[in-house]
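Just so you know, the protein sequences line up as chains A, B and C, in that order. So the first sequence is numbered by full-length UniProt numbering: it starts at 1 and just counts up by one. So the second sequence is numbered by full-length UniProt numbering: it starts at 1 and just counts up by one. So the third sequence is numbered by full-length UniProt numbering: it starts at 1 and just counts up by one.
Derived by calculation from the structure, the hints in this document are not laboratory data. Here the structure is a predicted model, which means the values were calculated and not measured. Where is the CB? At the ideal position from N, CA and C, for every residue including glycine. Hints may be right or wrong, so weigh each one.
[Said to hold, decoys possible] Partner residues aside, some chain A positions facing chain B, computed with beta carbon under 7 Å:
1. Gln30
2. Trp58
3. Pro65
4. Val95
5. Val116
6. Arg122
7. Glu289
8. Pro293
9. His294
10. Asn329
11. Ser360
12. Phe362
13. His374
14. Arg668
15. Leu669
[Said to hold, decoys possible] What follows is a list of derived Cβ distance ranges for each label pair:
16. B:Val116 - A:Ala290: 37 to 47 Å
17. B:Asp74 - C:Arg185: 32 to 42 Å
18. B:Pro65 - A:Gly66: 44 to 54 Å
19. C:Ala37 - A:Asn406: 32 to 42 Å
20. A:Glu433 - C:Arg383: 33 to 43 Å
21. C:Gly590 - A:Ala661: 52 to 62 Å
[What the hints assert, rightly or not] Chain A stretches covered by chain C per the calculated footprint, using a threshold of three residues with CB under 8 Å from any CB of chain C:
22. 196 to 206
23. 220 to 230
24. 423 to 433
25. 527 to 539
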Amino acid sequence: MTFGVFRPGASSWPVGVDGLVYGGDYNPEQWPEQVWAEDVELMRRARVNLVSVAIHSWALLEPRPGEFDLGWLDRLLDLLHGAGVAVNLATPTVVPPAWLYRAHPEIRPVTRDGVVLDRGSRATFCPSSPAYREAAARITRTLAARYSGHPALALWHVHNEYGAPLGACYCPESAGAFRRWLRTRYGSPDALNAAWGTTFWGQRYGDWDEVEPPRATATAGNPAQELDFLRFCSDELLACYRAERDVLREHSHLPVTTNFMTTNCRSIDYWRWGAEVDVVANDHYLTAEAERPHVDLAMSADLTRAVADGQPWMLMEHSTSAVNWQPRNLAKRPGEMRRNSLAHVARGADAVMFFQWRASRFGAEKFHSAMLPHAGTGSRIWREVVDLGADLVALREVRGSLVRANVAVVWDWESWWALELPWRPSVDLAYRERVEAFYEQLWDAHLTVDFVPPEGDLSDYRLVVVPSLYLTTAAAAKVLADYVAGGGTLVVSYFSGIVDGNDAVHPGGHPGALRDVLGLTVEEFLPLRRDERVALTGGLVGDVWAEDVRPAGAEPVLRYADGPAAGGPAVTRNRFGAGSAWYVSTRLRGEALAHVLREVCADAGVDPVDLPRDVEVVHRHGVDADYAFVVNHTASAAEVALRGVDLLTGTAWPAGVTVPAGGAAVLRLE
Amino acid sequence: MTFGVFRPGASSWPVGVDGLVYGGDYNPEQWPEQVWAEDVELMRRARVNLVSVAIHSWALLEPRPGEFDLGWLDRLLDLLHGAGVAVNLATPTVVPPAWLYRAHPEIRPVTRDGVVLDRGSRATFCPSSPAYREAAARITRTLAARYSGHPALALWHVHNEYGAPLGACYCPESAGAFRRWLRTRYGSPDALNAAWGTTFWGQRYGDWDEVEPPRATATAGNPAQELDFLRFCSDELLACYRAERDVLREHSHLPVTTNFMTTNCRSIDYWRWGAEVDVVANDHYLTAEAERPHVDLAMSADLTRAVADGQPWMLMEHSTSAVNWQPRNLAKRPGEMRRNSLAHVARGADAVMFFQWRASRFGAEKFHSAMLPHAGTGSRIWREVVDLGADLVALREVRGSLVRANVAVVWDWESWWALELPWRPSVDLAYRERVEAFYEQLWDAHLTVDFVPPEGDLSDYRLVVVPSLYLTTAAAAKVLADYVAGGGTLVVSYFSGIVDGNDAVHPGGHPGALRDVLGLTVEEFLPLRRDERVALTGGLVGDVWAEDVRPAGAEPVLRYADGPAAGGPAVTRNRFGAGSAWYVSTRLRGEALAHVLREVCADAGVDPVDLPRDVEVVHRHGVDADYAFVVNHTASAAEVALRGVDLLTGTAWPAGVTVPAGGAAVLRLE
Amino acid sequence: MTFGVFRPGASSWPVGVDGLVYGGDYNPEQWPEQVWAEDVELMRRARVNLVSVAIHSWALLEPRPGEFDLGWLDRLLDLLHGAGVAVNLATPTVVPPAWLYRAHPEIRPVTRDGVVLDRGSRATFCPSSPAYREAAARITRTLAARYSGHPALALWHVHNEYGAPLGACYCPESAGAFRRWLRTRYGSPDALNAAWGTTFWGQRYGDWDEVEPPRATATAGNPAQELDFLRFCSDELLACYRAERDVLREHSHLPVTTNFMTTNCRSIDYWRWGAEVDVVANDHYLTAEAERPHVDLAMSADLTRAVADGQPWMLMEHSTSAVNWQPRNLAKRPGEMRRNSLAHVARGADAVMFFQWRASRFGAEKFHSAMLPHAGTGSRIWREVVDLGADLVALREVRGSLVRANVAVVWDWESWWALELPWRPSVDLAYRERVEAFYEQLWDAHLTVDFVPPEGDLSDYRLVVVPSLYLTTAAAAKVLADYVAGGGTLVVSYFSGIVDGNDAVHPGGHPGALRDVLGLTVEEFLPLRRDERVALTGGLVGDVWAEDVRPAGAEPVLRYADGPAAGGPAVTRNRFGAGSAWYVSTRLRGEALAHVLREVCADAGVDPVDLPRDVEVVHRHGVDADYAFVVNHTASAAEVALRGVDLLTGTAWPAGVTVPAGGAAVLRLE
């Protein structure tokens, strides 16, 4: 990842939208046209400058195969343009029309168990279906031809949330596509046999035609097959995206994107998608019942920035208040939506958009909040929406500034997939749990972090954190070893470096890929019982996991005081070249993990930041100025020793800023 | 609902049975014919006067397609008639013969996920199957022709427990029937599109052929489609019933019924079924592990009486002791069966029948209790069965008397269905939970209540209780508003009045249909976390739900003391016309709900009744006398200030009656 | 069961293997051939004398239909023979090659719900498929013809773990086979109707073609059909085994076996399989999170010995440390594998084998432990494997000695199946829970027990324990009654003797089959609520279950002090002929059950054994000497008053042996 170079340009940002973007999904087809006029008037009042339209409009735009009814969309775009609201026009391919299902029932996706999913909700189609792809290309071409020159148009929004809720299809057409994908990857059945380890359980393939997706079977399937199928599914959706994007590019020079869900869609390997969009867009929703949803928000924003290769990105969807699809859809409390929005901007978002402009009266999401709620313009939510519009105007100068970090966390969808396949040593092993545990401690230490892919460039970082990188290729292992040898500080959690890209154990003893850099061998995994805890020296307590660690150069920093590894090393540090590599062999959480991380940070020369708990401070660096976003998630006013002018209020703070309870400030720093 | 007019007549009650009905399901085909003689002798001893036969006998009566073997049934009816036991003859259509499945595999029902259910248990057929319906009509016609003149015959029992355990079928034939039903309801695809809100998520239909049942799909489906499918399923079973009934009526003037499960079969809208039977019959089974199963029993009986439009009804099935299909089938303790039976009679049942006469030796229900248990006539259960027969003879004069109430509870299967569709604001919202919570407090206050349908006549009531009437049509809202305007007292719980009959949100802010009568707007729903509690003023505590209530005329009675709505109104009262409308915006239970209801009752002029806890007193009103049923569910004798003669014992109680622990009295009141 | 007669012979033990067998599954196909040389060298070091090969090698041995590639197996057998390692050669029919699925998709098994299971794991085939059986016979014939004369060969290993994980298939071919099986069993549809009680719920069959497996249906199916289907499934797998065995016997005089999982495969009735193998082999894996897994191990070993009719048996698979398929795969701690191995030998195993020789690098079981783990020969596990090899050499003289017991526990797969069918009086009833509860108390009393089948010979036992023998045939009841009449002592737990072999209730009151011998009737079952407890006299506490017990000769030993049966008998004793029969009508555990068993033992004249808790002592009796295995599962050294020479160390213990913490001794007794 490289910093400091902002790459503006017509092709990477909504064209014609000044400053920060503000708006949301707009579904006027749900309302009589007379309501549209009220909508644009209210958008003007709220300072909305971009809306996403037509996301679910395929059946209206193409009511019969090949017959198009675009008049309403013409009128809508003219109306919006007249009001100064730019348009993010979707290819409406996430919900095929009913007639396509009737003509081509084979577009219905099939589950692992063979259940055929029917239309009736959304995103229910087989990505490998030729009939689906052909019809999707046709509607995309029609919209591109008609609207590429429309002055309202600022951005193309391909499809919607690829991979959610459905990431895989096991139908015969998908099976054929999987075989083609494998043939490209491996060349011969023998190479496939070697990669998948088919001598285990007698699974050898003699011919490509014998290969199928990993359907329901009697017991655990072949993990390499499962892993390749997950890769294939992500790639197959990417192929759908590319096909539509390429159609758009034939007609239009406007930027093209699709909305990601970086931390909430496990079925997409976004590292492979980031470079395919002109601007990265992300959807994020709070987990309403989470204790500290703002930490998850920050992680999502940081990961999105990484997928965007450090460039500014768009928050394409979040919510003004409650969503409707969680078990208990808690409403946001006053000020929370503003804090959420500004926290995204702090971490690199130059756009704040919502699902949705106006609350639906009907359908599955009628209880989802909106900029204009059921309660109308007399409501608190509407007032906060209007105020936020003004805030974003006040922040327009931060547009294009960048975030920098000297701590990196390695994130890897492939490790996530592989680690959580069936028949691992313990069901309590969980990829994301470890990432979140480390991330939360870094957040609490007020350290801004970047996420990086496993083979990414680490040269800018003082400290690299590797939580449960179960799948570690030789190339990734070399990157980490070179980083440490060159003077870097590394901290690795248990169950990292175990298998290669085919889920085959690295030979020679665990953790095969990282034995050298860590200076140790793990002789045996020692999973703990449910709710079992182990004591460490220094008063720390771990759970879930322990290991029989045999140092080969590493020095024990902490030892197990009891449990199955009693007396053995629990946390180690290995000098390796000019740097050092730490290893944490049990599950530490909260203060125990913070304790270890403080030592690691000290070792890395990463200085502590002195701020009150739950006061979030992130810096953005522009060409002419630097900015500090201060978001106060607490119920008390916070004093922060930063000096500058608060862009939100115009107030100068020459001797440190006071941020009210639940409030925020954005300082142009002195 | 109108009272005081008893509608006797050959066509609305088992013909030729005097006094109260006593008996049960009788399955003689499970035993050698020599056992039948013992059966009728024991029936005589127990004073049994009606038995239900042939419910599961189709395969015996029609062993091959179109070939009938009725000899054993002839002999059985003659035997019963000779012993003075009348017959409730079933059309045995709940279990088609094996040969019908083999000839017509398409009669097998299909689940939402596409699983084809095979025969092997019971009630496993597609209600829309022409082959099923044709075969059902044939066996019905055969029985009607043969037995309509048999002197033993008193009543026709169509099928068995329609809708339980299977309420829906998703097969292609059901899909065709669903389309026909929709075409009748809506006339055009455009009307369907409008009703179902298909502009949401791009679900527009261009042609009827594109419509399918709401099969498994990627995520939440269209709620209006789901709701209409539930209506269709109830109507389709009703069409099955009507078809058989109409065949019977061609041959017989005897009354026709089918056994409902008013509180235990969620898939039937009994409001639409009540008028289709000549006499309402109901099956009720205790939830064995419930803390107070007798309260649920009372609710079932009251709801059955409502479905019977206030007329006497038949308890067609209950159990002498344990059932076999619950997780833990606790046995009834001594006296409990008698209390259960008399409590049903108290609330309008003029028949007490059991599943089953004699315990089966084999099959899925061999551990279900019976009038004649596995332990035989030496058992406690048999002795209690004989005693109950004598009790019912002693009560014969209550036959035809009616129950009156001045408190009504609105009950609505459509609200139940709609409220519990996916993606509501909180998974803790539950329709029946709220009805039961209010009902239990009214039961504990010793108030006899009627259930009424949402658009029912409220003119006889001082107080109307509306628990979670999520789906409220404009017509229902008008009934409630007129009732209050005319001087009535209304109490409404949260999440009422939200959507119309298509599950579309009423415009203008929640609760759209009831804003005026309640004098308030709910600006935002505030679902609570799992196990979160909110304090109210007055020391009350709520959970599950809170709301941002904005009064528009209503006066706050209680406020939130903490939680997301702290300071706002929690319980309100609105003067509206000559009456008042109360609103409860959080989930109150137990004493907290009782507290609010006491205030509401005082407002309504409903006087408190002074009786010991768990002593149940219900009055029936006859042409010549009034009766008080006193059922003592406690472990101590109870003194009740009612005077009269106990019909069960003949004892006169001129100064108040003493009812022994666990006992009962039925007073002909002075 | 008869004792004292050891039946040696070429046909009942691996040929050419002296002393105790030591080894494991060997999968050389997973490694380059150059690794094989290292393998045999290490086997030699570990004293391995038998390895199981080719279990999953079908696809390698027959890469295309009818084309065989046996060269690698030739080389392997020669190599092993050269190193003195004998071969247990598998028919590799547990995993058919991919080409067979492609040519015959109908070999894929189908679940009760109709889900077609695809290949991809293991053991995924329909046992009734002609295509599968034909292909299985062909590869078996090929291997038999080629290797029956190979000098390395010692034993044939047919298939692998029949019935696990898949015990049933519901496809059309299985349905046809089920009909043939039923036709053989019943002769006519009328006999089937009588046996299955099809008059219940109108399930009569008019023709064989109407009968299907018990597929998914609307509610509980016919229990007799379910029970017969379970019998059929076990028999159908047995037919697969027999077919392969008979092919082998055409070519070879070597013994044939298949590996059972006596306590872990509920779908096989091993009583019907034991006589079909030349030597009984068993696989056993600890439940890692169990509190006392060594007690379950002992139960498995005792049951395996019973299936072997008291003869020595082979432990075909266990693990050196963790497995990979449990939720949390705890590693064995130092010494535990040795204790496990010796405990199996103590209870009759003359072979100690492991899954697996060398840990896999890939596939679903790469985290399963092995004799040679990922950590290699530098590891603790490898050192313990080598030491165990030496131990077994030291124990060679115990080969062929036998175990004797004077307490028997009746075990019955049919009762297990029937008791746990749907719709029993309580979901808390569980067959194996009761067996384990009684077994654990007997283990803690240091009593060695035999398991016996329900109609087995009881003449050698002083005490017979019958836990929850729900299904009790008249013949089994007669065996028990004769045993007691002849002077035996019997203890029976609740829910025994209830139904006959068709799951039909024995007439005349529960427990129909055992009323006479127990001297009582159970008038009514009284299942308890979840977590409800009942007090008994004497301070004991029961849960789950109570009964209304009516003595008819039996004397109450303990009574219910509260609960639904308060005052009634809880534990009874009936003098019957020359013996006595005890009955326990509630669920007792731990010390409460131990208390009752102590009284029962005293009544039976079974003397208490004085040993420290968790010190396991079992005797084997040889022709020339008797041996005592002492396994110390505690963390302290144990003193045991047995005298002799410890074969493991050569140490003589003339005045009692001291066994170190976690250690073991095997004494040749003086």
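*Those earlier numbered hints the structure runs against, lowest number first*: Hints 3, 8, 9, 14, 15 and 19 contradicted; others consistent.
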